[in-house]
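*Asks:* One-letter residues, chain by chain:
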Amino acid sequence: MQYITPLWPAYPELFLLTMACAILIIDLFISDDNRIFTYGLTQITLVGCALLTFFTGNADPVYTFSGMFVDDLMADVLKLLTCVAVIVILVYARAYTAARGMFRGEFFALALFATLGMMVMISANHLLTLYLGLELLSLSLYAMVALQRDSARATEAAMKYFVLGALASGMLLYGMSMLYGATGTLEITELARMSMDGVRAQAVLVFGLVFIVAGLGFKLGAVPFHMWVPDVYQGAPTAVTLFLGSAPKFAAFAIVMRLLAQALGAEMLVDEWRQMLMVMAVLSLAIGNLTAIMQTNLKRMLAYSTISHMGFLLLGVLSGTIDGYGAGMFYVVVYVLMTLGSFGIILLLTRGGFEAEELDDYKGLNQRSPWYAFLMLLLMFSMAGIPPTVGFYAKLSVLQAVVHIGLWWVAVIAVIFSLIGAFYYLRIVKLMYFDAPLDQSPVQASGDVRVLLSANGLAILILGIAPQPLMVMCIEAIRASI
Amino acid sequence: MQGLPLLSLAIWAPIIAGVAVLFTGSDRNAQAARVIALVGAVIGFAVTIPLYTGFNLQQGGFQFIEMRPWIGAFNVNYHLGIDGISLLLILLNSLTTVLVVIAGWDIIKSRVSQYMAAFLVLSGLMNGVFSALDALLFYVFFEATLIPMFIIIGVWGGPNRVYAAMKFFLYTLMGSLLSLVALIYLYNVAGGTFAFLDLYEIPLPLFVQVLVFIAFFMAFAVKVPMWPVHTWLPDAHVEAPTGGSVVLAAIMLKLGGYGFLRLSLPIVPDASIYLAPVVIALSLIAVVYIGLVALVQTDMKKLIAYSSISHMGFVTLGIFIFNAQGVEGAVIQMISHGFISGAMFLCVGVLYDRMHTRQIADYGGVANRMPVFAALFMLFAMANAGLPGTSGFVGEFLVIMGAVKVNFWYAFAAAITLIFGAAYTLWMYKRVVFGAVANAEVGALKDINAREFLVLGVLAALVLVMGIWPQPFAEVLHTSVNELLAHVSYSKLPAQ
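Respectively, the protein sequence lines represent chains P and H. For the first sequence, position 140 matches number 140 in this note's numbering, and the numbering has no gaps at all. For the second sequence, position 397 matches number 397 in this note's numbering, and the numbering has no gaps at all.
Incorrect hints may have been included.
Incomplete in silico selection of chain H near chain P, CB under 10 Å [to be verified]: (1) 25; (2) 55; (3) 65; (4) 67; (5) 114; (6) 142; (7) 155; (8) 161; (9) 177; (10) 181; (11) 182; (12) 185; (13) 202.
Bear in mind the hints are in silico, worked out from the structure with no lab data behind them. Think of the CB as a built atom: it goes at the ideal place given N, C-alpha and C, for glycine as much as any other residue.
From just these sequences and the hints, can you work out the full model?
*Replies:* What follows is the structure, given as structure tokens:
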């Protein structure tokens, strides 16, 4: 391992931090009418951050801050995607937040701090760095959920999110302390080496592992740690739901990789956490898909759908192979792409004080706007995993990873639940295409949203016809980093 | 002609035309949508003709091969090629698309561009299924066909269309998802390839073969459909618009039969032979029992739907008796059923467009007002009953002949259907067409127009040609079928 003092691997984070503080101050001197300036500055910051990430990227891992911070290919790819996702989120959310008095400096500063938290999590090579990033992200998200002060539902959601999130953080921290007790180190690469060699206090290590897995389960929203997901998704303002449902999953995937695949990736420990993940994955698939059928609120339905997607993601991870991790990463990228698109459509249909979050609001969308209905159709079929959309390949690579290690019966369970899941995605298509519209008002959107949303929806189809580049990117990123 | 990637054209020309049709937008440009759709469908059919004329009858294996790397991560190639079996099905599919576009010309009045686009895209995807030589490519096309059909049934269908569309989608998805797991399993056993030709070679123990067979069987039996997983079909047919019923019966059902021939038999031959008695039993139940069910239907479309299931029983029977007559008969039966069932649904569509009812009881004496139509309908009804001289006879005769060689009672049970088939078809025909004019609405009927005559006339000619001179259809099959059977007879069980 090579320790270097230069800070350049952390330039994107440093830039983001500086700009976030600057924006917080600059915004004080800007009147409500010129808030678009803050918005522009935020977007420029994110673009700059993405470019910095791209240009400081490198194939081999580089460590800095005395080995607490790592910059490897997986980190570069995930950070780049996180920045792009946040840019897209802010574009989709602009009209919605502006109409609800949330188009303010706090929103942007919180979004930037949350992004910073995610990036730190992704690049963590030390359990404390990881925890620091996680808390920065979580605290920003709690505040964002509660940003609509007058909404009782949002406040309730924020409260739930905060209490359960704090509990999860506590679990994770407790697990980390046990890892420290068993190995005497908090550094991930060091932990990996120690656990590979075998430590004397194996029982403590495994005990710590249980808490780590539980903490990660909370953060991902996997059953049985999923209770917060539907309430927070439904209660938070839709723009915030879009935020917390999409980009943070990159970071969550990254810490799963850092903790399970890297730090605790020794053969013997993989066998331990594989069983736990398998139970969580199968339960997530079952409860997520079955409960989603009964929902009438689209945001809540997508929350349960997220739970089932996390089940699929865990299936990829539990294989414990490079291809499996690559499949998990591919899944997470595809999942974020689909989430951005579908919440983008929800935000598109909201006007003024009207929230388009009931399923019935989607009736006859094909007659109001064939193009957006088509995009939503692609998104829904992709979530259901029907080819030729990219969602199919995401499921395929995960199933392949699972079958490869001989767990074909888990694959059978997974496809049976995704069959059940197909029903509620089809129901959206049914509402949009087969039913008559309840109101005839045409769908309006500004130019940037139109272009971005179309690109987002078509990406589902284009990546479905040519999934090779993205798949290779994910597998290569994992191969170079784990 | 040799240089052109004909199979790619057969797949992508209709799909691109379909996308172009979508760009005509709303119903103000409906006429433009129709014209572009027709041009696209005709081009799609035109590019498949050189496939037939350039097909080498003696050469075994696959022809018109195209191969490009597609998903390197899974070692999947865009690998196309056809043998005699797929050739006929591609021709049938491309021709049917032209007819469906013409048949929907002025019957469909709302969302014309989406209607036409759905059929064109569907046609391209099904050509993809018939020409894919890579299991993943096959699967992608196979499942993608569900999307346009789901839309077709759900948007332009009858009153109960939502139920029918959902049932159709979920039923077929259930089967195909299990076969996906089986394919992934085979991919791992074969050492990381989805290519059919590689999957054909891998040895598998009988137990594994049986599991894989069951997974495939779920996918294809639902599609065929075989008793007892046939219940989605009557719903889908009754609710679908005429064009949807035609494509469903004429081509989509054949995906199942084709899947058995392309996947089940060559990949798991021992399990196919081991489980053949079960499949044959189910086929015979379909042939006999569903024939009886058809007899009591009061809805014309439902009657034809059940008759389809019964006829498809012949196909699965023919496939699983593993001799040349049986398999050739099965393929010919698939093609012939494509013509006849398509024509029968079009005939019902003609009546439905005028009377807006499908109940047999609402009709009577149609022949008095629509003599030309009655004559054509008569021909198709006879063909559906398997009258010698029509295409319906050839396939059923071959299958029965093949069955006699295996077991007399199989053949006996299958032959009973000729009686039932004649009974339900001709009885319906008599009640609808003959007799005195039943009511004022029937009295006001007008005979078919030139467009309807064109569509039905083409099908009538094909039914007769295939019945009288089946040689051009049968000769392309010989080599492919013999090769397939040779492959099946070779055990894939690992040496003990």
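*Asks:* If a hint holds in the structure, say so; if it doesn't, say that too.
*Replies:* Hints, verified against the model:
The beta carbon of residue 25 of chain H is positioned within 10 Å of a beta carbon in chain P (closest approach about 8 Å), and the interface hint is therefore held. Proximity of residue 55 of chain H to chain P is violated relative to the hint, the smallest CB-CB distance being about 28 Å (cut-off 10 Å). Annotation: residue 65 of chain H was flagged as interfacial toward chain P, and the flag is violated, the nearest CB pair being 21 Å apart, outside 10 Å. Hint status for residue 67 of chain H: violated, given a least beta-carbon distance of 15 Å to chain P, over 10 Å.
The interface hint given for residue 114 of chain H is met, as the beta carbon of that residue sits about 7 Å from the closest beta carbon of chain P, less than 10 Å. Taken as an interface hint, residue 142 of chain H checks out: its beta carbon lies about 8 Å from the nearest beta carbon of chain P, inside 10 Å. At a threshold of 10 Å, the smallest CB-CB gap from residue 155 of chain H to chain P is about 6 Å, leaving the interface hint in force. The closest approach between the C-beta of residue 161 of chain H and any C-beta of chain P is roughly 7 Å, which is under the 10 Å cut-off, so the hint is satisfied.
Look at residue 177 of chain H: its Cβ gets to within about 4 Å of chain P, closer than 10 Å, so that hint holds up. Taking 10 Å as the C-beta cut-off, the interface hint given for residue 181 of chain H holds, the closest approach to chain P being about 5 Å. Proximity of residue 182 of chain H to chain P holds as hinted, the smallest CB-CB distance being about 9 Å (cut-off 10 Å). Hint on residue 185 of chain H holds. Least Cβ distance to chain P is approximately 6 Å, under the 10 Å limit.
Violation of the interface hint for residue 202 of chain H is found here, the shortest Cβ-Cβ separation to chain P being roughly 15 Å, above the 10 Å cut-off.
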